[in-house]
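**Q** Using the hints, put the two chains back together into the complex; each one sits in its own frame.
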Amino acid sequence: MYTLPHISLEMASNPTVFLLMLNGQIETGDFPEFDDLYVKYNYSFGPDWAVTSGLEEGISQVCKRNTYGHRDFVWNFPLEVTFKSTNPYGWPQLVVSVYGLDAFGTAVVRGYGSVHLPISPGSHTSIIPMFVPEASSRFQKFLGWFMGRRPEYVDTNVVARGEGREVTRVRSQGHLKVKFSIVTKDMKKLGYDCIPSQLNTPNAIAASAIASSSTTNQGAGAAAKTVEGPTGSSDA
Amino acid sequence: MAEVHVIGEIIGASEFPSHNLFCKWGIHTGGAWKVIAGSREGQTQVDNPQNEEFAVWSHPLDIHFATKGLQGWPKLKFEVYHMDDLGRNELYGYGFCHLPTSPGTHHIECPTWRPAGSYRERIAQFFIGGAPQLRNPDMVHSSERFTLQTVTMGKVHLKLGLIFRNFDKYGVEC
Numbered sequence: 001m002y003t004l005p006h007i008s009l010e011m012a013s014n015p016t017v018f019l020l021m022l023n024g025q026i027e028t029g030d031f032p033e034f035d036d037l038y039v040k041y042n043y044s045f046g047p048d049w050a051v052t053s054g055l056e057e058g059i060s061q062v063c064k065r066n067t068y069g070h071r072d073f074v075w076n077f078p079l080e081v082t083f084k085s086t087n088p089y090g091w092p093q094l095v096v097s098v099y100g101l102d103a104f105g106t107a108v109v110r111g112y113g114s115v116h117l118p119i120s121p122g123s124h125t126s127i128i129p130m131f132v133p134e135a136s137s138r139f140q141k142f143l144g145w146f147m148g149r150r151p152e153y154v155d156t157n158v159v160a161r162g163e164g165r166e167v168t169r170v171r172s173q174g175h176l177k178v179k180f181s182i183v184t185k186d187m188k189k190l191g192y193d194c195i196p197s198q199l200n201t202p203n204a205i206a207a208s209a210i211a212s213s214s215t216t217n218q219g220a221g222a223a224a225k226t227v228e229g230p231t232g233s234s235d236a
Numbered sequence: 001m002a003e004v005h006v007i008g009e010i011i012g013a014s015e016f017p018s019h020n021l022f023c024k025w026g027i028h029t030g031g032a033w034k035v036i037a038g039s040r041e042g043q044t045q046v047d048n049p050q051n052e053e054f055a056v057w058s059h060p061l062d063i064h065f066a067t068k069g070l071q072g073w074p075k076l077k078f079e080v081y082h083m084d085d086l087g088r089n090e091l092y093g094y095g096f097c098h099l100p101t102s103p104g105t106h107h108i109e110c111p112t113w114r115p116a117g118s119y120r121e122r123i124a125q126f127f128i129g130g131a132p133q134l135r136n137p138d139m140v141h142s143s144e145r146f147t148l149q150t151v152t153m154g155k156v157h158l159k160l161g162l163i164f165r166n167f168d169k170y171g172v173e174c
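Protein sequences appear in the order of chains A and B. Note that the UniProt record's numbering has the first sequence beginning at 1, numbered continuously upward. Note that the UniProt record's numbering has the second sequence beginning at 1, numbered continuously upward.
For reference, chain B alone in the conformation it holds in the complex (with noise of 0.2 angstroms):
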């Protein structure tokens, strides 16, 4: 079997409209894909900065994966949410991002977005807090979102390094 080493950080988050963020992270990959070794998800610690527009969450990832396949080539997924003065979490943004596919260091930005909600959840939103979510969130790295209405929301900043072992062995090149 091939295997993938993914050795890296959720560095952090930018371009959130307010502070005291952490994310959840994710991983979902295809039936051939197996984890040997390290989390299948996480969460990050809060961070409120001192003087700077960037969440740190500094979040160190290593995960070994053994794949007989290269269909379901593994996806991070995220949810962002900020912690209020009142502890309460609400929703600021999904996103998704492949694995890159090639061996080296890579760095990467995902974009993210929220379920804009309809227009008396975006007052009720406005005055007393809390966001609406998705029901499934299978949606995050899925392609049925018809219907859906988004809001454009932060980034997420990764810098992960990737290990192939074996892939030339089975022909594949990457």
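Extracted from the complex, chain A is given alone in its bound form (with noise of 0.2 angstroms):
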């Protein structure tokens, strides 16, 4: 037996928090046009949420693609992290930012992107399509191809916002593959359900059980009587 490291495996009677454990990897990239590339991330998430234990961002190595078939960026870059929470609104957000050098050795964006950490305990795999913002005007694009400088975002976090959107154009360029495993703490015993119910179909010694155990429960009463009558004589 081993413990989970950062979810003590005692009970709590009455939990009023659930935990949210994410354990993963940053693992490839696809951007067909560029070379020497790095991530950063960080986690986005409402105000009733609080990171427990692991890190709440981080920026990996710079990597450069290799010279033969696989064409893909290989980061392998690890994600643990807890969150503890009393409220499923404002769920985390995974905030990735893709960075890469140019000819001058000055990093720039090569693509933002964000996932909703998944919701239900087991393995997932996230494709995250990335993007970058585009000037606004033809003037603002010629004066950045002038000086050499992209557009970005001053504050990452507005890719895990769906407000003020309408004014943003983007380009979309290359994609990240990310892998989560997640485990959950006392989310069913908040009375949240996060997979679907096994449903079973009673057989009627089952339903029979029930029924006149719950009349006993209720004792005599005018619906009860007429459930009584058919479920007394199978019991017998």
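Careful: at least some of the hints might be erroneous.
PhoX-like mimics (lysine-lysine), calculated; alpha carbons at most 20 angstroms apart, straight line [as the list claims (entries may be wrong)]:
(1) A:Lys179 to B:Lys68
(2) B:Lys24 to B:Lys68
(3) A:Lys177 to B:Lys159
(4) A:Lys64 to A:Lys40
(5) B:Lys75 to B:Lys159
(6) A:Lys64 to A:Lys177
(7) A:Lys40 to A:Lys179
(8) B:Lys75 to B:Lys155
(9) B:Lys24 to A:Lys189
(10) B:Lys159 to B:Lys77
(11) B:Lys77 to B:Lys34
(12) A:Lys188 to B:Lys75
Just so you know, the hints here were simulated from the structure itself, not pulled from any lab data. Since we're looking at a predicted model, the values are computed, not measured.
**A** Here's what the structure looks like:
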């Protein structure tokens, strides 16, 4: 037996918070026109959420792609974090940005992306499409080309928000492949269902047992009596 | 009251005739449903892909519903627009989908359509742009569409995670 590193396996009789543990990795990326790329990540989450252990942000190594066959970038960069919360609203999102080095050695953004962490326990793979903002006017575009700079987001967390996007124009380029393994604790105890419940077809004996036990609990009632008739006979 | 959390993304769109697409989305529910947190409607970014036939919106959704009944299960509706070189927006597609009725992660492809317009309108659209729109956008999620002529358009791709709370307490099996 082993214990999970961040979640103590003590029983909480009346939990008020649930935990969400993520183990995973930023595995590979597919950016056909670029080289020398690295990834930055952080998490964006709502006010009810907090990180209880693990790293909240990170920067990967700079990866070159190989010169033969396999054209993806491999970062193989670990993600390990545990969150706690009282409310699923504001569920954490992984916010990633990929940077590349240009001919002058300065870092230029090659893609932003975000994805919600999976809501159900188990293994999940996400392909995150990446995009970069476009200059808002032709003049800005020309100026950016002339100065050798391209538009970037001041705060990368805007890609995790839905509001205020109607003014942004983007160009999508490349993908990131991320693997997640999710463990949750105490969600069921707080009444949350994240996976479909197993529907059983109750057989006659089980159904009558439930019916007869409920009638004895309720005592004598007009509705209970009608149930009692047929079940009593089948029990006997 | 039973609660539903919708956590996911409007991933993007495919199979539309050109690029520079964006989407206005909204939620439509019956009277028993209330949105406790999160936005009821929004608009995505405009994407012009580098080298793929797929518009990326990566638009996060996080909505918290509470309900007293099952009638009027929430629907998501979409209006896909194309922004042309002059910055004009023309309608490219309408579509709706129901939220799934089981918890867990769901991948949804929502097909879209648009009004065809008259022969003259179609010719005008070919040369000067602009597409006919519905005068009453409620037709997108209602079943009163008799006499409407439509054209097939592309698909909107969604990934939705659903978390249900207290449905089993009320004896609802989902």
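**Q** Check whether the Cα positions of Lys24 (chain B) and Lys68 (chain B) lie no farther apart than 20 angstroms.
**A** Measuring from Cα to Cα gives roughly 28 angstroms; hence the hint is violated.
**Q** Take the C-alpha atoms of Lys75 (chain B) and Lys155 (chain B), compute the straight-line distance between them, and say whether it is at most 20 angstroms.
**A** Judged against 20 angstroms, a Cα distance of about 16 angstroms means the pair holds.
**Q** Below or equal to 20 angstroms on CA atoms is what counts here, so check Lys177 (chain A) against Lys159 (chain B).
**A** holds, 16 angstroms
**Q** When you check the alpha-carbon spacing of Lys64 (chain A) and Lys40 (chain A), does it fall within 20 angstroms?
**A** Distance ~16 angstroms between Lys64 (chain A) and Lys40 (chain A) Cα, so the pair holds.
**Q** Taken at face value, is the distance from the CA of Lys77 (chain B) to the CA of Lys159 (chain B) at most 20 angstroms?
**A** With Cα atoms ~15 angstroms apart, Lys159 (chain B) and Lys77 (chain B) stay inside 20 angstroms; holds.
**Q** Does Lys75 (chain B) pair with Lys159 (chain B) here, judged by a C-alpha cut-off of 20 angstroms?
**A** holds, 14 angstroms
**Q** Holds or violated: Lys188 (chain A) and Lys75 (chain B), Cα atoms, limit 20 angstroms.
**A** violated, 26 angstroms
**Q** Are Lys77 (chain B) and Lys34 (chain B) close enough, with their CA atoms no more than 20 angstroms apart?
**A** It holds: about 17 angstroms lies between the C-alpha atoms, which stays within 20 angstroms.
**Q** Taking only the CA atoms, is the gap from Lys179 (chain A) to Lys68 (chain B) under or equal to 20 angstroms?
**A** violated, 37 angstroms
**Q** Are the Cα atoms of Lys24 (chain B) and Lys189 (chain A) separated by 20 angstroms or less?
**A** violated, 37 angstroms
**Q** For Lys40 (chain A) and Lys179 (chain A), compute the direct alpha-carbon distance and say whether it is at most 20 angstroms.
**A** Given that 20 angstroms is the threshold and the Cα spacing comes to 16 angstroms, the pair holds.
**Q** Taking only the CA atoms, is the gap from Lys64 (chain A) to Lys177 (chain A) under or equal to 20 angstroms?
**A** Judged against 20 angstroms, a Cα distance of about 17 angstroms means the pair holds.
Hint compliance for this structure: hints 1, 2, 9, 12 are broken, all remaining hints hold.
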